[in-house]
Amino acid sequence: MASINELTERIHADSSEEIVAEYLERITNSRLNAFITVSKESALLQAQEIDAKGHDGPLAGIPIAIKDNISTKGIMTTCASKILTGYIPPYDAHVIEKLKNAGAIIIGKTNMDEFAMGSSTETSFYGPTLNAWDMTRVPGGSSGGSAAAVAGGEAPLSLGSDTGGSVRCPASFCGVVGLKPTYGVISRYGLISYANSLEQIGPFASSVRDVATLFDVIAGHDPRDSTSVKREGNYSPALENDVNGLKIGIPEEYFGEGIDRNVEKSVRDAINTLEELGATSMEVKMPHTKYALSAYYIIAMSEASSNLARFDGMRYGLRTEDHDWHTTFSHVRADGFGDEVKRRILLGTYALSAGYLDKYYLKALKIRTLIKQDFERAFKDADVLIAPTMPYPAFKIGEKIDDPISLYLADVETVPINLAGVPSISLPCGFSGSLPIGMQVIGKHFDEAAILRTAYTFEENTDFHKEGS
Amino acid sequence: MYENPDGVMIGLEVHVQLNKLRTKVFCGCTTDYHNDPPNSHVCPVCLGLPGSLPVINKKAVEAAIKVGLALNCTIEEHTQFYRKNYYYPDLPKGFQITQYDFPISSGGYITIEGEDGEHRVGITRAHMEEDPGRLVHEGTIDKSKYTLIDYNRSGMALLEVVSDPDMRSPKEARRYLDKLRNILEYLDIFDGDLEGALRVDANISIMGGQRAEIKNISSHKGAERALLFEIVRQKNVLRRGGVVVQETRHFDEAREITLSMRSKEEAHDYRYFPEPDLVPLKISGWAPAIKAILPELPDARRLRFVEQYGITDDHAKALTSERKFAIFYEDVAKKVDPKMAAVWVCDVLKGELNYRDLPVEAFNKEHMLSVIYLLMNKKITEDGAVDIIRTLLDKGGTPDEVVKEKGLLKVEDDIVSTAAEEAIKENLQAVADYRAGKEKALNSLVGAVMKKTKGRADARTAREILLDKLG
Ligand SMILES: [Zn+2]
Numbered sequence: 139m140a141s142i143n144e145l146t147e148r149i150h151a152d153s154s155e156e157i158v159a160e161y162l163e164r165i166t167n168s169r170l171n172a173f174i175t176v177s178k179e180s181a182l183l184q185a186q187e188i189d190a191k192g193h194d195g196p197l198a199g200i201p202i203a204i205k206d207n208i209s210t211k212g213i214m215t216t217c218a219s220k221i222l223t224g225y226i227p228p229y230d231a232h233v234i235e236k237l238k239n240a241g242a243i244i245i246g247k248t249n250m251d252e253f254a255m256g257s258s259t260e261t262s263f264y265g266p267t268l269n270a271w272d273m274t275r276v277p278g279g280s281s282g283g284s285a286a287a288v289a290g291g292e293a294p295l296s297l298g299s300d301t302g303g304s305v306r307c308p309a310s311f312c313g314v315v316g317l318k319p320t321y322g323v324i325s326r327y328g329l330i331s332y333a334n335s336l337e338q339i340g341p342f343a344s345s346v347r348d349v350a351t352l353f354d355v356i357a358g359h360d361p362r363d364s365t366s367v368k369r370e371g372n373y374s375p376a377l378e379n380d381v382n383g384l385k386i387g388i389p390e391e392y393f394g395e396g397i398d399r400n401v402e403k404s405v406r407d408a409i410n411t412l413e414e415l416g417a418t419s420m421e422v423k424m425p426h427t428k429y430a431l432s433a434y435y436i437i438a439m440s441e442a443s444s445n446l447a448r449f450d451g452m453r454y455g456l457r458t459e460d461h462d463w464h465t466t467f468s469h470v471r472a473d474g475f476g477d478e479v480k481r482r483i484l485l486g487t488y489a490l491s492a493g494y495l496d497k498y499y500l501k502a503l504k505i506r507t508l509i510k511q512d513f514e515r516a517f518k519d520a521d522v523l524i525a526p527t528m529p530y531p532a533f534k535i536g537e538k539i540d541d542p543i544s545l546y547l548a549d550v551e552t553v554p555i556n557l558a559g560v561p562s563i564s565l566p567c568g569f570s571g572s573l574p575i576g577m578q579v580i581g582k583h584f585d586e587a588a589i590l591r592t593a594y595t596f597e598e599n600t601d602f603h604k605e606g607s
Numbered sequence: 510m511y512e513n514p515d516g517v518m519i520g521l522e523v524h525v526q527l528n529k530l531r532t533k534v535f536c537g538c539t540t541d542y543h544n545d546p547p548n549s550h551v552c553p554v555c556l557g558l559p560g561s562l563p564v565i566n567k568k569a570v571e572a573a574i575k576v577g578l579a580l581n582c583t584i585e586e587h588t589q590f591y592r593k594n595y596y597y598p599d600l601p602k603g604f605q606i607t608q609y610d611f612p613i614s615s616g617g618y619i620t621i622e623g624e625d626g627e628h629r630v631g632i633t634r635a636h637m638e639e640d641p642g643r644l645v646h647e648g649t650i651d652k653s654k655y656t657l658i659d660y661n662r663s664g665m666a667l668l669e670v671v672s673d674p675d676m677r678s679p680k681e682a683r684r685y686l687d688k689l690r691n692i693l694e695y696l697d698i699f700d701g702d703l704e705g706a707l708r709v710d711a712n713i714s715i716m717g718g719q720r721a722e723i724k725n726i727s728s729h730k731g732a733e734r735a736l737l738f739e740i741v742r743q744k745n746v747l748r749r750g751g752v753v754v755q756e757t758r759h760f761d762e763a764r765e766i767t768l769s770m771r772s773k774e775e776a777h778d779y780r781y782f783p784e785p786d787l788v789p790l791k792i793s794g795w796a797p798a799i800k801a802i803l804p805e806l807p808d809a810r811r812l813r814f815v816e817q818y819g820i821t822d823d824h825a826k827a828l829t830s831e832r833k834f835a836i837f838y839e840d841v842a843k844k845v846d847p848k849m850a851a852v853w854v855c856d857v858l859k860g861e862l863n864y865r866d867l868p869v870e871a872f873n874k875e876h877m878l879s880v881i882y883l884l885m886n887k888k889i890t891e892d893g894a895v896d897i898i899r900t901l902l903d904k905g906g907t908p909d910e911v912v913k914e915k916g917l918l919k920v921e922d923d924i925v926s927t928a929a930e931e932a933i934k935e936n937l938q939a940v941a942d943y944r945a946g947k948e949k950a951l952n953s954l955v956g957a958v959m960k961k962t963k964g965r966a967d968a969r970t971a972r973e974i975l976l977d978k979l980g
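Heads up: the protein sequence lines correspond to chains A and B, in order.
Be aware that the first sequence starts at 139, since it is given in this note's numbering, and climbs by one per residue.
Be aware that the second sequence starts at 510, since it is given in this note's numbering, and climbs by one per residue.
These aren't lab readings, by the way, just hints derived from the structure by calculation.
Treat each hint with caution, since some may be false.
What the hints assert, rightly or not - Below 27 angstroms or equal to it, Euclidean Cα-Cα: the simulated DSS-like pairs (lysine-lysine) are:
id	chain 1	residue 1	chain 2	residue 2
1	A	K428	A	K497
2	A	K501	B	K791
3	A	K501	B	K593
4	B	K848	B	K688
5	B	K593	A	K480
6	A	K385	A	K510
7	B	K730	B	K680
8	B	K568	B	K688
9	B	K568	A	K368
10	B	K887	B	K874
11	A	K368	B	K567
12	B	K963	B	K888
13	B	K730	B	K848
14	A	K504	B	K593
15	A	K423	A	K501
16	B	K844	B	K888
17	A	K220	A	K497
18	B	K949	B	K963
19	B	K978	B	K888
20	B	K791	A	K368
21	B	K859	B	K848
22	B	K961	B	K915
23	A	K504	B	K791
24	A	K497	B	K833
25	B	K826	B	K680
26	A	K480	A	K538
27	B	K791	A	K510
28	B	K567	B	K800
29	B	K730	B	K529
30	B	K773	A	K497
Given the structure is predicted, the values throughout are model-derived calculations rather than measurements.
Construct the complete structure from the given sequences, taking the supplied hints into account.
This is the structure:
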């Protein structure tokens with residue numbers, strides 16, 4: 139798979155238009171269903187312009203795929219939901235502005251779980267995306283299209299969003315690298331909210347270096363997002379092939395019941411590899427991990443029930459036959475939302491209702507604080523934590539979709555990170571048969587440098603990221 | 510002591526639009542939309558487009574703190590925004606960003622002229638929120654085939670001022686509203702004349718019943734009418750042996766009645782929870798700086814006017830009850846005799862303006878000064894001065910023009926003297942009557958003098974001269 143550097147050389151030798159055309163061709167011939175919308179014409183136009191005028195941005199002429207919950211001016215943005223069919227945003231998300239300034243070319247919008255609610259990309263109104271490693275399996279989710287596009291060579295780079303693992307899960311299932319940054323490092327302006335207090339936009343690529351380059355482009359303060367922090371991205375210099383003296387914490391709670399043996403072994407082997415390279419490891423206790431999943435789902439669903447209230451068909455998106463106001467918006471929502479979205483809206487509405495707020499939402503916030511404290515304690519001793527990203531490799535399409543609880547349980551390793559707001563990067567660390575396994579390297583708040591360096595060193599000294607491609 | 514025989518308790522929730530801010534509360538759109546086409550001042554944020562995020566307007570927070578301080582409230586150390594969830598087409602996000610726990614200010618009061626003298630109305634809290642859009646119906650709401658939505662108003666900064674149930678009559682409620690509006694205008698954050706600037710929900714109960722909440726009141730007069738109707742209605746229900754239930758009622762402004770909207774059981778569950786897109790705001794450091802630059806408020810200005818200009822408290826109260834009037838008066842009082850200015854601005858001009866339902870801007874300050882100069886130099890009579898003010902209001906022009914046109918220059922005293930001598934000679938019967946003790950006979954002599962001088966004599970002067978001559 140071509141890296142940013144290789145592509146840049148080819149763009150200088152040939153042209154951006156040729157590169158873009160090649161990727162578009164691959165998308166057209168693909169069976170993965172990674173894209174909802176392919177912006178062929180505007181991409182080629184943009185490439186021609188860059189070829190003609192030149193561009194000195196770090197991503198000049200490089201194609202990128204964008205998850206379909208990130209607003210793109212002039213390109214349909216659906217969140218993979220019927221309710222947003224035909225919605226064309228009149229504005230660009232902050233990250234899209236930054237990508238355009240850096241010269242990147244948006245080749246299309248990728249498939250996802252409807253409104254980012256899921257871990258398999260099966261709840262999309264546009265049908266499931268397939269896993270490039272085994273087309274009978276899911277690519278993970280909710281940013282399944284973005285991960286599959288990179289894994290399938292349909293885009294060198296892509297953006298996803300991670301509310302409870304939605305970047306790391308598909309990165310793990312698809313054998314690519316995906317980063318969930320510290321909450322607040324990337325502006326959420328233009329990201330269609332699922333659960334505002336948990337989610338971050340995150341980059342995908344086939345290598346840690348490209349993830350870091352892309353991260354540098356999209357990170358940074360944005361006055362339009364009140365939760366955005368005043369820091370600028372400059373993480374690439376952290377990529378040194380050196381973990382000498384690095385203290386790795388191993389949260390035993392993340393290696394417990396329900397973890398596939400191959401997954402556990404691969405991650406432990408990876409830690410050994412890093413130790414051989416000069417790192418040390420220790421066990422850390424994260425005693426509140428067992429409450430994370432319930433707290434996560436209560437917070438996420440509560441916020442979602444409110445965030446999704448705006449979809450009433452009055453101003454954009456799906457509009458059913460007109461009756462009076464109550465009937466019309468009820469019909470629009472009944473027809474426009476899929477089952478999983480409805481389930482989460484109902485549960486979230488319930489959790490926020492008078493008499494239940496204390497019992498559920500406020501209690502979940504308390505657990506969130508305890509989980510944050512778990513991390514703070516662990517990071518007193520450790521520089522980074524390493525754990526499996528997912529408890530198992532990619533599962534079969536249809537295997538879990540009718541059993542929401544077992545699907546929710548799949549997020550057990552990823553959601554605590556979102557509750558704590560810390561950064562985590564998932565990268566390939568082994569195989570279970572023909573299926574890739576991912577591990578996550580978790581860092582302190584704003585210490586993306588440490589996890590990028592750890593991931594980079596591991597990648598430089600192993601070959602897992604090269605296999606199968 | 511006011512008896513309050515029916516045990517009336519009124520509390521008001523007033524939505525104040527901070528319409529003098531330059532931009533809306535969570536986006537950069539202008540607040541100056543009143544003369545522009547619908548939906549011409551909107552953006553992804555105030556349209557609630559997917560992915561847009563609110564950012565608090567610092568000036569709006571400052572204005573809210575100003576109001577809190579002016580209403581004698583405690584300003585909280587931290588303030589936080591919440592979401593109030595409900596579906597309505599004027600609400601583009603399906604929730605309103607407002608405050609719930611941790612409002613910006615709480616626990617203050619306003620002093621009003623009550624039924625039995627000065628009366629304090631407690632302020633429970635004053636919190637910030639965003640205005641929804643405006644619904645436009647073709648014809649009346651129940652007959653309209655469709656509804657149009659104008660989002661120009663969407664996202665305007667609102668301040669909801671919630672009072673304690675301390676008002677004991679509709680009149681007190683109206684005075685509270687007048688006073689509140691006056692304070693807001695003194696703070697220069699609010700123009701009460703703009704459409705939708707101030708909207709009122711009223712809670713009212715009488716002894717033996719539960720409270721009703723009346724929505725959709727858009728004027729001070731409307732509030733008084735709605736409450737008067739509601740007291741009669743509740744009393745009638747109780748008199749017939751019925752029960753006044755807790756409910757929400759709608760004020761039909763045209764018919765001046767209230768109609769039941771929904772009972773307590775049907776009340777909304779707004780599912781308030783902290784707005785995740787806005788971080789809690791630490792404002793503890795802001796209040797002292799804002800307090801230092803807080804403008805003089807009506808009560809303080811009233812005291813100062815009495816002290817500085819030596820005018821009566823009644824005059825000072827009337828003059829300060831409207832900010833623009835107070836400024837008008839003070840500009841005039843600085844250049845002429847302030848007591849005289851108080852009489853002419855407060856007693857005469859204010860009355861003439863009220864009679865014509867005109868704002869103070871309808872009268873030129875320089876003209877007021879000219880009229881008072883003419884009076885001070887005894888060039889015109891008081892009647893002449895009133896005539897000038899009325900003519901200027903009705904027809905325009907300048908005081909000099911009116912004086913010339915109407916021949917209002919006062920005649921000299923010796924001319925009045927001559928006229929008086931003539932009047933005495935020509936009205937011997939009246940003189941005899943007066944001397945016989947009929948005081949009223951003097952009036953006909955004064956009338957005769959006025960007739961001879963074509964009304965340009967000062968009646969009081971004429972009277973004095975006549976008395977002098979009659980011994
Ligand atoms: Zn706006």
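Going down the list of hints, with the structure as the test:
no., hint, result
1, A:K428 / A:K497, "holds (18 angstroms)"
2, A:K501 / B:K791, "holds (24 angstroms)"
3, A:K501 / B:K593, "holds (20 angstroms)"
4, B:K848 / B:K688, "holds (25 angstroms)"
5, B:K593 / A:K480, "holds (20 angstroms)"
6, A:K385 / A:K510, "holds (20 angstroms)"
7, B:K730 / B:K680, "holds (10 angstroms)"
8, B:K568 / B:K688, "holds (24 angstroms)"
9, B:K568 / A:K368, "holds (21 angstroms)"
10, B:K887 / B:K874, "holds (20 angstroms)"
11, A:K368 / B:K567, "holds (18 angstroms)"
12, B:K963 / B:K888, "holds (15 angstroms)"
13, B:K730 / B:K848, "violated (32 angstroms)"
14, A:K504 / B:K593, "holds (22 angstroms)"
15, A:K423 / A:K501, "holds (22 angstroms)"
16, B:K844 / B:K888, "holds (18 angstroms)"
17, A:K220 / A:K497, "violated (33 angstroms)"
18, B:K949 / B:K963, "holds (21 angstroms)"
19, B:K978 / B:K888, "holds (24 angstroms)"
20, B:K791 / A:K368, "holds (17 angstroms)"
21, B:K859 / B:K848, "holds (15 angstroms)"
22, B:K961 / B:K915, "holds (16 angstroms)"
23, A:K504 / B:K791, "holds (21 angstroms)"
24, A:K497 / B:K833, "violated (53 angstroms)"
25, B:K826 / B:K680, "holds (18 angstroms)"
26, A:K480 / A:K538, "holds (18 angstroms)"
27, B:K791 / A:K510, "holds (22 angstroms)"
28, B:K567 / B:K800, "holds (16 angstroms)"
29, B:K730 / B:K529, "holds (24 angstroms)"
30, B:K773 / A:K497, "holds (24 angstroms)"
In the structure shown, a violation is registered for the earlier hints numbered 13, 17 and 24, in ascending order.
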